[in-house]
Every structure is written in structure tokens, then in C-alpha cells.
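Asker: If you follow the hints, you should be able to join the two separate chains into one complex; please do so.
The residues making up each chain are set out below.
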Amino acid sequence: MTDQASILIIDENRARAAIIQEGLREAGHLNVRWLNETGNLLRRIVEIDPEVIIIDLESPNRDVLEQMFQVSRLVKRPVAMFVDQSDSEAMHDAMVAGVSAYVVDGLRKERVKHIFDMCILRFNVFSRLQEELHEAKTALADRKVIERAKGILMAAKSLSEQEAYVLMRKTAMDQKRRLAEIAQAIVTAEGMLK
Amino acid sequence: MKNIRVGFIPLIDAAIPIAARECGFAEREGLDVALVKETSWANIRDKLVHDLFDASHMLAPLAVATSLGIGNAKVPLAVPFGLNANGNCITLASGLYRALEEVLGHRPENPRQSAQALKRVIDKRKAAGGQPVTFGIVFPFSVHAIIVRHWLRLGGIDPHNDVLFQVVPPPFMVASLAEGVIEGCCVGEPWNSRAVESGVGSIAVFGAEISRSAPDKVLALRDEIAAKDPDTIHRLLRSYKSAARWCQERGNHGNLAHMLAQPQYLGVAPKTVLNALSGTLAVNRTETRAMDDFLVFEGDEINRPDPRKARWLYAEIASGLRQPLDEAQAQAASAVFRTDMFDAATGNNAPHEAPDPIGLKFGPAFDAWDLPAYVSALER
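Chains as they are written, first to last, in the numbering used here: chain E, 1 to 194; chain Y, 195 to 574.
It should be emphasised that the hints constitute simulated quantities derived from the structure, not laboratory data.
Keep in mind the model is a prediction, meaning the values are calculated, not measured.
Do not take every clue at face value.
Label-pair distances were calculated between CB atoms; the ranges are [unchecked claim]:
id, chain 1, residue 1, chain 2, residue 2, range
1, Y, Gly218, E, Glu37, 36 to 44 Å
2, E, Ala141, Y, His354, 34 to 42 Å
3, Y, Thr482, E, Glu22, 49 to 57 Å
4, Y, Asp564, E, Gln4, 50 to 58 Å
5, E, Asn31, Y, Gly493, 52 to 60 Å
6, E, Glu37, Y, Gly557, 50 to 58 Å
Ideal Cβ positions, reconstructed from N, Cα and C, are used throughout, including at glycine.
Excised from the complex, chain Y in its bound form (with noise of 0.2 Å):
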């Protein structure tokens, strides 16, 4: 057996690194996995920067800006495995949904609608002299500031001067919405629907309205690791993607519940785990919307590390630090979503390349090979 730490931070979306250890995915393939909570994004950086860990869960934008060297000391990462799309959603505060609904006649019908009519209560807002609406989003390289910045942009607001983003770890989430601290936030489940039954605020938008498969969780090495043990990577990949299959399957979703509902990874009660897992969530105090790829966790297009991807993320982060683009860091960035070790590792020989690797339902088309182009459709 092969001893090997992964980190991870109790979410819905470790499954896969959970299931691989509990269904014995992982021992079949010969490795004991340890795997050790964290409370914070940058703990995970910096323990596996400092080799404590061998690979870790991680927040897809955080392995391309840690690569980088954006935000922090530059340390090459590799990317070998997509654990999850979508799995987020938009909460409002109630007082700032009802602003919404005030303005529109009715309860917002779709993103569009709900971000033209924020665009109004803001306008409003400023002409009275009011303070910016703040979002809360996990972390500043996550598809969470991501998606919230593209839905803003239906509504015609500038991420950048109409609103404020902070950081706010999600247990401390709703708390931050109820004292009013941030009127709205992205964040995943089980937090949105706390906020919903504490009657603090209401889901807005899926995550999955925005994009139909922008990488949010991946799994993350060191790159010297990557180089220097390939079998065992290798190892852990076949096991990930046995654990996938086994994630994805709705007969599974029961037992899934109650395994990531224990103590030792999120603590939380099985109902809440399942409701994520099918997909419907109450929104409201009245309403329940559901949606099949609520969160999705299998498939080339979402596990294997498609550098199209690496190259969103990284037009994305610049765009967001309104920084100008620059073709050496995107080459970099794509370096580090490694589809050679997942290739290898499963003998994958025609991918299912899907010719559009983020899916974004609004906004400009992506095309990564004229990152460009795409930021500024988007910035337009």
C-alpha cells in the first residue's frame, strides 16, 4: 500500500476524493488515502506548497493564479483531474430581493431579468446616495467572483464600480447576509439554503444558468510530485474517475449523502447533502426550483483538464484584476491543466472534446485561442 494525504475542505463537491477512499476505489488501485480537513483555501495552497500534502481539492482559478504566481509566491501546479461544474448558486439578502421584486412587478423569471433589475435598485441607490451592494464570494480566484460577475453584466453593472466584493469564509455566510455585512453572495450548497430556511435571504440564480461546465473544483499536485511519481498519480486518477461514475449515479445519491454527511468530512445532516446532489432546492420561503445539472461530476467534459479551460480561468482572473492580457502567462496557465496524466492514467484515446469547453449560456462566445476577443465582449 501506498500512503499518500490528500487536503480537502468539507464541501458537497470533495465527494470524489471521499468516495475514492470510502467505496475502496482508492485501496483497489493499492493506496491508503488519508485525507485532511481544512478550514480555508489558503491553507490548502500553502500545505501543499510546503509538502504536506501530496494533492489537494482545490478551487480551479486558485491552481492557475498559484501557478502563476498571482496574488502569492509563484509555484507550478498541475491539474490532472476535474472534480466538479456548477454546484453554486446566488443569494440575495431578502431586503434586497424584495427591492428586486419591487421593481420588476414580480419575483425575477431568469438571470437576465434579475440582473436588469438589480441594475435598477442600484442606480436608484447611488441617486439617493446609498451605500454599494457588497457580495460575499469564497475566495478572490473562484469561479464563484466569476459567475457573479456575469450575471451582474446581463444587467448591464460593472463589476468593478457599481458593486463591492469581499471575501467571506461560507460558514460565516448567512451570519454576513443577516447583519448585513453583504447584501448577496455566490457560494455552494449547503450555505445558500441555510439562508433560505433562516428566512436571511433567497437563491437568485444556479450557477448552472450562468455556464454549463466551467471547472470549479479540481484536484491539484506540486508539479516536482507529478514528475517524480507518475505511477502513483496515475493510481489516484483511475480511482477518481471510479469515484465519479459512482458519484454521478443518481441510485447512488442516498448512500453518497450519508457518507459525506459524517463528522469527520462535512458535518452536516444527509437531507441537506441530498438536495444539492438531486438538484432541488427550495429557493424562497414558497418556491422549489430544480435543475439537472445543478452539480455535475462526471465526464470528460468535466474531469478531464481541458487547457481551453486553464485558458478561461486565466482571461477571467486578469479580467477581474483589470490586468491587460498576456499570451506567455495564458500558455502557462494552459500548461497546468495536465490532459497527458489523465490521458495516461485512463487510457483515454478519443476524448470527447465539446467544441465550447465552459458552456456560458450569456454573454460573449469563448474562444481560447483569442482571449482578446473575449475579454473584451465581455468588458464591452
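In isolation and in its complexed conformation, chain E is listed as follows (with noise of 0.2 Å):
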């Protein structure tokens, strides 16, 4: 028997996906397929047959697996929610990184822990990769205004740029306010008083 069990990730986000795809390419699970169908996905999930459904939380998708629980005219096979009874803190890991697994009957429970344990994994980085990335762009973008407002202060009051940048970490100090918000503040005030 091959442990090439096959599986497929329905997911919107396709960065996402291409990260957990890697990462169970990595750990040797080669079959994998994605679909970002928000049609009929039961008709393309019939026709592809996976063994294994990983699906993220944000799909109303969600809804229409729970059908195939059921003996239906639809489906070939049963599938059943992949809970693992004796392991209720990974459910819990699982619905907080935002996954949920649907697996054939008749699939090992080892098999299948593997490859939804590596998901949730993959989960959770590609949450901490888009964090760093909205961190960044902020970073970008703050220190964009602050450039602005700094010139804005030098024109107006002759100053240097060390003294500018001084005076403006000085007011956010004694605000208490972000720098960045004091900068957006001049670069607000001055268009207004062009």
C-alpha cells in the first residue's frame, strides 16, 4: 500500500495554500490538489474523490462538506469530520489557526493526524507571515509621513532636520500619541491650511 493518500485544500487564499502545499509536499504527501470553487463544489469534490479535505475556516464551504456526512445521492463515499476524541486540545489548536479536516471512512487516524497536524502548523506560520507583513507596510508607510511632516516643520519654523524630528518626538512623548500619529497630524494641518 502507498501512503499517498490523496488530498485536496479548499481554500480562497491562494498564498495560503501554496504555503500548506509545500509544507505537505515537504513531509512527502505528493497527491495534493486545491480548489477555490465557490460554485459546485460538491460535483468537483465528487469528481476528484480526495480521501483527505482540509478546508479553512472562513469558507462558507464549510456547510457543504457537512452533507456528505450523510448518505447522499450526491457522494460516492461517506466522509466524516476528522475528530480525533482522544486529542481535544488540537480541535481547539486547530479552530483557533483557522482549519478543519474532512476525511473517508476507513482512513488510518495516524495518517491523517500527520497531515492535519503539518496544516495546522502551516496554518499558523502563514498567519504570522501576514502579521509581518502588515507590520512592515506600516513601518513603510509611517515612515513615509514622518519624512513629510519633518519637511513640513523644517520650511515653517527654519529648523533642522534633527531639530524637527526632535520637536515631534518630544509632543508625542508629552500626548503620549504614536510619532507617526503626530506626523499624519502636521501633514493633515498643512493641507488643510494650503
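Answerer: Written as C-alpha cells, this is what we have:
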């Protein structure tokens, strides 16, 4: 028996799906496909006929998968949610990470557990990457507005670059606000006074 | 202040949990409620089960199914409050609706007539070797599925053999109708109105035309929370009772529509919400229909979780799955609906108990204490 469970990832986020797919490949699972279908999902799943389905919790399509729990004329084999009763902490972690898994009847638990744990890990990696990206973008935007505010102060009050920066930082500390907020206020005010 | 987390799906029938927070009813009871928006009923169930929510807005049949272990792992839930009755419609794709008009020679005038017309269309199609009609429902265990089955039977259509059912998340319903993936659906607002506005479908039936007080959404919580901290739950229920009265009041509907329409809740136009609240909907390109009890939030009959309703839900779930009835399961179902918690919280000593808790407008009379007779009459 080959250890290649066929895995289907349902995720509208292409980047996250790629990260999960990569993780699974590195772990030796090569039979992985990705769908971001919103329309006729059930028919596509029946066509692909996967053994394991990984789905992100943001997808309303989770409810479509619920239908496959029952003997339905639409599906070939019964599907169950992957719940490891012995490990409710892992399920809790999965919920927090934002992922859920479904498996066809008869698949060995340990095999699925391994796949599922990998997906939880990768979901968390993706969240962290997104946070870092968000922070980097904010930092870049902050730097731009601080530069502009510095220029405005230098021109209006004939200050050196260093003096303009110190003035803004002191104001920020006095008012217990972020430097970027003070800078934004200067830029906004200048726009209105122009 | 006691912090609690309540899950909800962005639907008009989440009005009571939202108003309880927004109008300060919960705060007055010393509760700081965080409302958490979700995208699927499966998420709602799993987050409730895995302790990420203290309580949640939930499909009434899902609360019963989860408690009985039907369709998923068995986790006992408690339902101490009903959030609404009605509010759903059966909408048909324009092509199918036209076929109904053609066999009748006019527009269908009532649910029986439309179902009988559909039966003739289905028979014709079968004879010609055509595809069966597929109905979109929001979840396998939903009052939506039950309503469609009741309507189909009015026309002599066998829901198990003559049509197909497919779960379609409400946001995908209109597109699925347009693409022909489904030819009919049962869903809450604003999705029926969206189908009418975009010319994709016509509303054939209001859910309120099928039953008067079938439970639609309820408040559900894990049994152990109910046992561990009854005081907090009582306070929540009192705030919901106040919110229910406020939501029902016509004079508040303008405010309620704006409240629900906000991006953190439904994120739709206030006008759309208002139409559903007032029960006045454009049902096709030229006609508007109004029903006073299109969507109901308040009253003992709605809010008090009558165990007979849970027995009805169980009977309907079993019938839908073509499973034999089991009285032990029926009793387990009725134990899910907690009138004791509702009465204790609200000081309700003399509840109004309607002789018929469901108020079916067609079909067999419902007797909660003789489910086999009800189901066999239903399936005849």
C-alpha cells in the first residue's frame, strides 16, 4: 500500500494554499490538489474523490461538506469530520488556527493526524507571515509620513532636520501618542492651511 | 462586568443577540458580550463544542442533531431561548417559475397550487428523460429543508425520490440559481430579494405560509455551561427577552434595520433589512406580497423553548434521513429545549402554551406525543 493519501485543499487564499501544499510536499505527501471553487463545489469534490479534505474556516463552503456526512445520492463514499476524540486540545488549536479536516471512512487515524498537524502548523505560519507583512507595510507608511512632516516643520519654522525630528518626538511623548500620529496631524493640518 | 462570547451568522434573525448588545440590555444585566461573526453553521457548532464560544445563534434542528449525535460527534447542547419563527422563502429560478405559470395558465396563487404545478412540471420532465430539479438549502439540518419537504408534499411530490437537495451557503445562492446548479432554494432574507432584483428568480412561497411558529434559529450553549454558571445564562436570557420585545416593536424597525445593516453585522443596505422586518417583499418583477408574521421575534410561543418543538424537529430530522423513529431519541431531543431555564430566568409562571406548538398550515396535525402517527401521515 502506498502512503499517498489524496489530499484536497479548499482555500480561497491562493498564497496560504501554496504554503500548505508546500508543507505537505516536504512531508512526502505529493498527491495534493487545491480548489478555490465557490459554485458547484460538491460536484468537483465528487470528481476529484479525495481521501482527505482540508478546508479553511473562513469558507462558507464548510456547510457544503457537512452534507457529505450523510448517505447522499450526490456522493460516492461517506465522509466524516476528522475529530480525534482523544485530543480535544488539538481540535481547539485547529479551530484557533482556522482549519478543519474531513476524511473518508476507513482512513487510518495516525496518517490523517500527521497531515492535519502539518496543516495547523502551516496555517499558523501563514498568519504570522501576514502579521509581519502588515507590520512592515505600516512601518513603511509611518516612515513616509514622518519624512513629510519633518520637511513641513523645517520649512515653516526654519529648523534643521534633527530639530524638527526632536520636536515631533517630544510632542508625541508629551501627548502619549505615536510619532506617526503626530506626523500625520502635521501633514493633515498643512493640507488644510494651504 | 461578566465577559461572554456569543457566535452569530450575519442574518436578520441574529437581531436579538445584536440588539441585546447594541441597545444596552445585556450591559444592564452586567454582561459584556463579544459578538463573533462566523461564515458557516459548521464553524458555529465546532466553536461552541470546543469552548471558543459561550453561547451561539444556531439553526434549531442543528442544536437537536448535535445533541443526539446525528451527522457528527454527539455533544449535548442546551437551548434556553428561541430567537425567531419564519423569515425564510422558497424561491424558484425564473425558468422553472415560468414553467409553473405555463402549466397553470396563470401565476400560482397559493403554496398548494404552486406545488401541484411543480409536480406536473417534474412529471413531464421525467417522461422526457430530463434532469431532476435540485433545491438549495442552507444546511442538512435546517428548518429550510423541512419547509421545502412540506411544500413539495402539498403537490404530491416525494422529496426523497423526485427532487435533489444540495447545501449552498446563502451568499452563493443567487449565483447558483443563475448558473442552473440549483433551480429552487429555501433561504432567509436578503437572498430571496437579491434573486428577484437581479431577475434570476421569483419568490414562490413565504415560510410563514407553511407554518406559523416552527422554530428557526435558537440560542444554544453547551450543557455543562448551563449547569456551571446558571446565573450568567439567566442574565443573558433576561436581556434577550427585553431585546425580543424591542425588535418586535414596529416603531423600532427603522433603528433595528440600521443597526443590523452595519458592516460588523450584516453589511447590507438598511432598506433590505427593513423590507424583511416589515414582511413586504417584491416576489417577482411586478408583484409585492406582504405578511404580518413574515418574521416573528417575540412571544412565549417563539422565545420559550417548548420541548414539543424539539420533538417535532427530531421527527422531521429522522423523516428527512429516512430513519425509523426512536422514542429514546425523541426524549433526548425534548431535554435539549430548556423551558426550566427560560422560566427561571424570566420569572415566567404562567406561560402561554399554544395547543399546537408548530402551527402547520397544511398537512397532518402535529401531535408531539404520537410522533409515529405524525410521520406516517406526513409521508403518506
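Asker: 50 to 58 Å was suggested as the range; check whether the CB atoms of Asp564/Y and Gln4/E agree with it.
Answerer: holds, 54 Å
Asker: Can the suggested window of 49 to 57 Å be confirmed for the beta-carbon pair Thr482/Y and Glu22/E?
Answerer: The hint (49 to 57 Å, Cβ to Cβ) holds, given that Thr482/Y and Glu22/E are roughly 54 Å apart.
Asker: Could you check the hint for me, namely that Ala141/E and His354/Y are 34 to 42 Å apart, CB to CB?
Answerer: Violated - the Cβ-Cβ distance for Ala141/E and His354/Y, about 59 Å, lies outside 34 to 42 Å.
Asker: In this structure, is the beta-carbon distance linking Asn31/E and Gly493/Y contained in 52 to 60 Å?
Answerer: The hinted range 52 to 60 Å holds for Asn31/E and Gly493/Y, with Cβ atoms some 55 Å apart.
Asker: Is 36 to 44 Å respected by the C-beta to C-beta distance linking Gly218/Y and Glu37/E?
Answerer: holds, 43 Å
Asker: Please check whether Glu37/E and Gly557/Y have a Cβ separation lying inside 50 to 58 Å.
Answerer: violated, 37 Å
Violated hints for the displayed structure, listed by number in ascending order: 2, 6.
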